[in-house]
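Protein sequences appear in the order of chains A and B. Each residue of the first sequence is one higher than the one before, counting from 1 in this note's numbering. Each residue of the second sequence is one higher than the one before, counting from 1 in this note's numbering.
Some hints here could point you the wrong way.
[What the hints assert, rightly or not] Derived Cβ-Cβ restraints for the label pairs, each shown as a range:
| # | chain 1 | residue 1 | chain 2 | residue 2 | range |
| --- | --- | --- | --- | --- | --- |
| 1 | B | Phe75 | A | Tyr87 | 38 to 44 Å |
| 2 | A | Tyr87 | B | Leu302 | 54 to 60 Å |
| 3 | B | Cys428 | A | Lys176 | 32 to 38 Å |
Just so you know, the hints here were simulated from the structure itself, not pulled from any lab data. Everything numeric in this text was worked out from a predicted model, so none of it was measured. Where a beta carbon is used, it is the ideal one built from N, C-alpha and C, also for glycine.
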Amino acid sequence: MCSGSSYLRALLLSIFAPLLFLALININQDPFIGRQTKSVILNLMHDYIRMTRPDIALIGSSRVTRGFDTCGHENILKLGIPGIKSYESEMLAKHLFEQNHAVKLYIELRPYKDGYQSDEDRNLLKRFFGMNTFIGVINNFYDSLHYGDIEKTVNCSPNGHKPGNFNLEHYKSLYKKEFSEYKTEAFTASINRIHNICIETGNHAEITFFTAPIYPMIASIKEVNEFMSQIQKDWSKLEHAASSICHIEIANYPNSEHLISADRSYWEDANHFKPMLGNQFLRILTGLNFETVPDNE
Amino acid sequence: MIGAICSLSPLLYFKLFPGTLFVLPYIDQTVITEVLIPLGLSFYALQQITGLFDCTRKGVGQLKLNEYLLYSFCFFYLPSGPILPYRSAVTQLANMASVHISLEQFSKGLSLFILGFSKKVLCADPISQWIDAFYNLLEQNPETILSGTEMSYIVWGSTLQFYFEFSAYSDMAIGIGLCFGMLLPINFDSPLKAKSPMEYINSWHMSFMAFVREYVFQPVFMHLKHLPIKAMEFRYTVAWVCAVFATFFVTGAWHAPTPTAIFYSVIFALIAVTIELTTRKINIKHNWLNKLLLPLSRLLLLTGISFTAVCFRTPDGELLQAVMSSCVTNFHFSVSPRFWPTDLFPLFITTDGFFPNYPNELGLQGLAGFLSPGESLLHILIVTAIVFFMPNSMEIFQLHSSKKYSVLSSRWNLSKGHAVALGFLFVCSLMLFSYDSGFIYG
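Using the sequences and the hints, build the whole thing.
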């Protein structure tokens, strides 16, 4: 037994000390804890480039990280940032061009809003005290014990994700909101900026903007269809921008149910396809053959 | 009476017409907006009714305007109770102004709040996540047949979620109350350990049951016991049965005034009355028969409670039909456990046989917010063990002494060990606090 003040001191200490520890891990390990930490992302990318020496780069959101399994393709760099913003895609492309890497660049196309988009996905509580990064650290430690002889690369699709909440209506409303906010000006400005960066750095790069597979029942909603047709129209006005130095094209594949399966075995949730589907798509996109590694399925 | 009707009218309106659309005229356009039920309206209405009746009673003091506003809109008990009767509020609010809050009491309140928060995040939310996932699955593919394990998880999980979520809110409210020097009425006394329907009713949402006992059951019983029936025992029994049905009718209507909710409440009343009257009539002399019948009656009671919980938890009638038809047509358990990774984390079981509609595809990352099928089964077993073998939070914090049996008799005290344990519990809960269950009782 102790006094009330000693009890409170012990209670508060046992709360704030671990929370501080957790926040430090998150700040140190999670490069996306604050969208302003560009240097952390670039440092991380620099390491990846050094490891993989890529001549093909895939830039996109969590769909790229989780849906494409390029394990074993050392010449391919896969860069997926959950909820990627247009300025982050541009920043990554710029860095790649400056390093004179990535002759072929594939950038996931998402609806562009006015100006630079802010990170609205995670609140401060989740950023600093969420346990995803912490668990990731433990997971890496566990992997290092078990797969010490096999070097895991960033290209491999991570082992196991949460079985997402397959709430179709929830994702439909998210897509409706996101796709209805598309702005032609923001899209053309972003494409022009990337094109200019490519020319300024003197790269003879082939840049392809692609729309990743969308779950068929979401792809059929009005807002997504309108986005798809609008982006084609906007692109047709932009084609004069393509030069002999930097070739830009758009791979806007239709997302009908005939082409993209709605079978749950191909989807983690209504927003994330599995490598089983992603690699088929990647094969069409790049013309390369991708085998999914059985251990990652 | 007019006052009571006026207090209940907004509540009835919002419950009968949820998500009402209002047309608001603006200068150059009209805007249609959806108005949701105001938070805490259910509890506000009942507290106002206690005020209307209590303020005319002899010996009950009057609240000043500022005290009345605090009583009516107090942030910690208004959203989910417990219901503070007016006469208690008069004493409590007077105490708040005069009594010095000691550090010991503040520590107790804070600790109870942490325990409540942990109950919500660690016990209720993981179950809620899986039940929501099953409902989503059924919504998208109505022809999905759930397996026996999935079905049982929904049925028993709904009960546990109700209990842990609601009792957690009560614990948090009582804990904050203690920090401010207010002793709120307790709301739960291990209802799932009850041996009879009446014991269950008297230990579940106790402040609400005290309200309906005082304002529904007793007036109906007192009125009907003067019915022109000669046999006194029969007359009293009739009055009691009618009062019980009236009580359950009001209880069902307060929770959700839909025909389905009222129907299930009345069915539960029918079961409760039948069991109560039968046990009164049957006098079992053999001790061994009593011992045999007791677990059976408890099992029956828990089954009844669980199915009532599913009825309240299921969003609509079609889904309820799908759940029930799965229960009848395809009730078999599928078990093929695999342990992963056995050498390092032997506790994390992963199976692909338990939940065939959600095959396992998880690693340790699953802990980040969504347990894998095997982990969720282990979790629900642990939570069940807590329900049946542990004392409830009111006993742990010595706010109530329960007569119900517990294997462990742990009690909170001002020791550094307890402080560290609760601190650890709070940190774990905060780390996992990400799921918005979207379900608020009442």
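Consistency of the hints with the structure:
1. About 40 Å separates the C-beta atoms of Phe75 of chain B and Tyr87 of chain A, a value consistent with the hinted range of 38 to 44 Å.
2. Evaluation of the 54 to 60 Å hint for Tyr87 of chain A and Leu302 of chain B yields a pass: the beta carbon distance comes to about 56 Å.
3. At about 36 Å, the CB distance of Cys428 of chain B to Lys176 of chain A agrees with the hint of 32 to 38 Å.
The structure shown violates none of the earlier numbered hints.
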